[in-house]
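K.L.:
Which chain is which? The protein sequence lines are A and B, in order. Counting from 1, one number per residue, gives the positions in the first sequence under this note's numbering. Counting from 1, one number per residue, gives the positions in the second sequence under this note's numbering.
What the hints contain is simulated information worked out from the structure, not anything from laboratory work. Predicted, not measured: the structure shown is a model, and the values here were computed from it. Virtual Cβ for every residue (Gly too), placed ideally from N, Cα, C. Misleading hints may appear alongside valid ones.
From the structure, some residues in chain B lie toward chain A, with a derived Cβ separation under 10 Å [what the hints assert, rightly or not]: (1) G76; (2) L79; (3) N82; (4) A83; (5) I141; (6) V144; (7) K147; (8) P148; (9) F151; (10) P152; (11) R165; (12) L166; (13) C216.
Here is how the chains run, residue by residue.
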Amino acid sequence: MESASLPLGGRSALERPPLARLPDRALKYGLTALALLILALIVYFFIRLVGEARPAFAREGVFGFTFNNDWNVNAQHFGALPLLVGTLITSGLALLLGVPIAVATALYATELCPLRLRTALTVLVELLAAVPSVVYGLWGIFFLAPKLQGAEQWAADRLSFIPFVGGGAVTIPNYFITGLVLAIMILPIVSAISREVMATVPADLKEAALGLGATRWEMIRTAVMPYCRSGIVGGAMLGLGRALGETIAVTILIGDAPQLGKHLFGQGYSLAAVIANEFGEAQGLHRSALFAAGLVLFVLTLLVNGVARLLVVRASRPGGFRPAAGEAALATAQPIAEQAAQP
Amino acid sequence: MSFERPAARVADVEPDDLLNKRGPLGPPQSMPARPQSPPTQPYASGLGTPAGTEPGLSVTLRGLRAFYGANEAVRGVDLEFNANEVTAIIGPSGCGKSTMVRCINRMHEEIPGARAEGKVLLDELDIYDGAVDVVAVRRAIGMVFQKPNPFPTMSVFDNVAAGLRLTMRGRSQGSKAELRAKVEAALRSAGLWDEVADRLGEPGAGLSGGQQQRLCIARSLAVNPEVILMDEPCSALDPIATLKIEELIDQLKRRVTIVIVTHNMQQAARVADRTAFMLDGRLIEVGATQEIFTTPGDPRTEEYVTGKFG
Numbered sequence: 001m002e003s004a005s006l007p008l009g010g011r012s013a014l015e016r017p018p019l020a021r022l023p024d025r026a027l028k029y030g031l032t033a034l035a036l037l038i039l040a041l042i043v044y045f046f047i048r049l050v051g052e053a054r055p056a057f058a059r060e061g062v063f064g065f066t067f068n069n070d071w072n073v074n075a076q077h078f079g080a081l082p083l084l085v086g087t088l089i090t091s092g093l094a095l096l097l098g099v100p101i102a103v104a105t106a107l108y109a110t111e112l113c114p115l116r117l118r119t120a121l122t123v124l125v126e127l128l129a130a131v132p133s134v135v136y137g138l139w140g141i142f143f144l145a146p147k148l149q150g151a152e153q154w155a156a157d158r159l160s161f162i163p164f165v166g167g168g169a170v171t172i173p174n175y176f177i178t179g180l181v182l183a184i185m186i187l188p189i190v191s192a193i194s195r196e197v198m199a200t201v202p203a204d205l206k207e208a209a210l211g212l213g214a215t216r217w218e219m220i221r222t223a224v225m226p227y228c229r230s231g232i233v234g235g236a237m238l239g240l241g242r243a244l245g246e247t248i249a250v251t252i253l254i255g256d257a258p259q260l261g262k263h264l265f266g267q268g269y270s271l272a273a274v275i276a277n278e279f280g281e282a283q284g285l286h287r288s289a290l291f292a293a294g295l296v297l298f299v300l301t302l303l304v305n306g307v308a309r310l311l312v313v314r315a316s317r318p319g320g321f322r323p324a325a326g327e328a329a330l331a332t333a334q335p336i337a338e339q340a341a342q343p
Numbered sequence: 001m002s003f004e005r006p007a008a009r010v011a012d013v014e015p016d017d018l019l020n021k022r023g024p025l026g027p028p029q030s031m032p033a034r035p036q037s038p039p040t041q042p043y044a045s046g047l048g049t050p051a052g053t054e055p056g057l058s059v060t061l062r063g064l065r066a067f068y069g070a071n072e073a074v075r076g077v078d079l080e081f082n083a084n085e086v087t088a089i090i091g092p093s094g095c096g097k098s099t100m101v102r103c104i105n106r107m108h109e110e111i112p113g114a115r116a117e118g119k120v121l122l123d124e125l126d127i128y129d130g131a132v133d134v135v136a137v138r139r140a141i142g143m144v145f146q147k148p149n150p151f152p153t154m155s156v157f158d159n160v161a162a163g164l165r166l167t168m169r170g171r172s173q174g175s176k177a178e179l180r181a182k183v184e185a186a187l188r189s190a191g192l193w194d195e196v197a198d199r200l201g202e203p204g205a206g207l208s209g210g211q212q213q214r215l216c217i218a219r220s221l222a223v224n225p226e227v228i229l230m231d232e233p234c235s236a237l238d239p240i241a242t243l244k245i246e247e248l249i250d251q252l253k254r255r256v257t258i259v260i261v262t263h264n265m266q267q268a269a270r271v272a273d274r275t276a277f278m279l280d281g282r283l284i285e286v287g288a289t290q291e292i293f294t295t296p297g298d299p300r301t302e303e304y305v306t307g308k309f310g
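Produce the complete structure using the sequences and hints provided.
P.N.:
Structure below.
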């Protein structure tokens, strides 16, 4: 009966033998297994980290460990605040200095650069990513830092009225120089992602802006940037992830002083640097404290990624960019007469 | 003779109901005076149009040629678009009609490797003159594209205000109420106000296709152009939305000069006062629409309008 309605010789033509379906199944389960493996690895990693860090947390308390300003190996006191602050300051500085330059580079490459130069520029920026971080560290401490010390001292003197930024003597290794080198290190990834996103801006949006009489900068502001904002934020967060976790360059540049730096141009320490420096001779509680520092860094990175994801989702929601408050009020429909009547 | 004069003169001609402060070619500072390249046009002759009427300006092409690299897409076109008329450009795909229109507000040169030669006169001012600011040109000669392209991240209100905010750059921003009045006026002119009055804060991309296209028309009207170029404005729209745009075109020609590229010959017949037929980058024939469609002078025009090719 059924076969009468089916072309191509009936049922058999539509059936596939189980063996022929095997590759599909194998692919599906194989890929699922691999994906689960990664998940399992992360979970196992996290559990081990917590396990190893437990003694330190038990001694100082989770909150105490994270926020006590006291890292003294000899006295067996472990409070990670100086490390946490060092990590946050240098990474924040890297974002502050690196992202604008990266975005500007990307804008130049996609919107202004002559076609012939574009590839060269792109390759050059990406070459920055190929330099090993230890080389950045060496270059920073032996070349850049001594050259900039005078300028830093000048800035520190001028900015001494801002607490924590200026005043005091500039040391060669310090927070600022670390942030500066980190900024160079995150440049390639932030720039590459920004460029990719900018390349996806539809030509008709740019033409819409230009057709209204926008200058090139206004075109970038009205058509390109709003379209790219979430992508650029995403790129910046990837850069921040790199800056937070960067170890060897920071270890070389930050000065490895286990207390809060007195100002921006003073020495400090970071979470990653303390682990790299002290794991060799660490035993017992000290070892556990290093694991705890690793855990804090891990959680910090997770938080940053979470916030970044939230920002990206919010920014990419249609109509997510609200007009400035005053304009929003205006945009609600009211007769013009009413508007005009208001003083 | 200074270069501010054409702008000032045009501003006198066009009493500006939306933007009283500036002429169509922009504030004087946007047209830098370059004494080393003297003007070639006689700027002094005024039009003497009585105040109160709202004429658009005529556009004249003289020996216009446009290139993409070595490829010549427009091969020497002489054509006049009369003020306050609708001129349709018809012709088979690839005949250079879009390219030609994009030369009129200098959008053509935005494409890498593209360039144009010849003259495009807005009234009497050559917009390819070295002293003319391309930004000012595009404010005087607005453009509506094939695909509706509202700014996706902006609300309906902000879309229409986008051009105004650009125009008011560096000047007093005007009061919010003033901006709002201009946006409303533009939306009314585009026949969209009644449909969007209660959703000005919603994303412009949320409107229907036809509404989006009228939003784009409102956006270009808001900066009060002299000429509006429309590059197949209805090709992405359904018949009802198309009809609305066509009615709109009929109303708009009282205040602007309209050049419309279309593939749809019925549309040309419905909206255009004059029609130009192009083939292979050359202007074959231009004349009153009725004439082009009933008694064309050139056999190729006749073949095209009767559907024998293209």
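K.L.:
Work down the list of hints and note, for each, if the structure agrees.
P.N.:
Hint check:
1. This hint is violated: G76 (chain B) has a C-beta 25 Å from the nearest C-beta of chain A, more than the 10 Å allowed.
2. Interface restraint check: L79 (chain B) against chain A, minimum CB-CB distance 21 Å, threshold 10 Å, status violated.
3. With a least beta-carbon distance of about 22 Å to chain A, the hint placing N82 (chain B) at the interface is violated under the 10 Å criterion.
4. Interface hint status for A83 (chain B): violated, as the beta-carbon distance to the closest one in chain A is roughly 20 Å, over 10 Å.
5. Checking I141 (chain B) against chain A: minimum C-beta separation of about 9 Å stays under 10 Å; hint holds.
6. This hint holds: V144 (chain B) has a C-beta 8 Å from the nearest C-beta of chain A, less than the 10 Å allowed.
7. At about 6 Å, the closest approach between the beta carbon of K147 (chain B) and any beta carbon in chain A falls short of 10 Å, and the interface hint on this residue holds.
8. Because the beta carbon of P148 (chain B) sits about 9 Å from the nearest beta carbon in chain A, less than 10 Å, this interface hint is met.
9. With 10 Å as the threshold, the beta carbon of F151 (chain B) comes within range of chain A, its nearest partner Cβ sitting at about 6 Å, so the hint holds.
10. At its closest, the beta carbon of P152 (chain B) sits 7 Å from a beta carbon of chain A; the interface hint therefore holds under the 10 Å criterion.
11. Interface hint status for R165 (chain B): upheld, as the beta-carbon distance to the closest one in chain A is roughly 8 Å, under 10 Å.
12. The closest approach between the C-beta of L166 (chain B) and any C-beta of chain A is roughly 5 Å, which is under the 10 Å cut-off, so the hint is satisfied.
13. This hint holds: C216 (chain B) has a C-beta 7 Å from the nearest C-beta of chain A, less than the 10 Å allowed.
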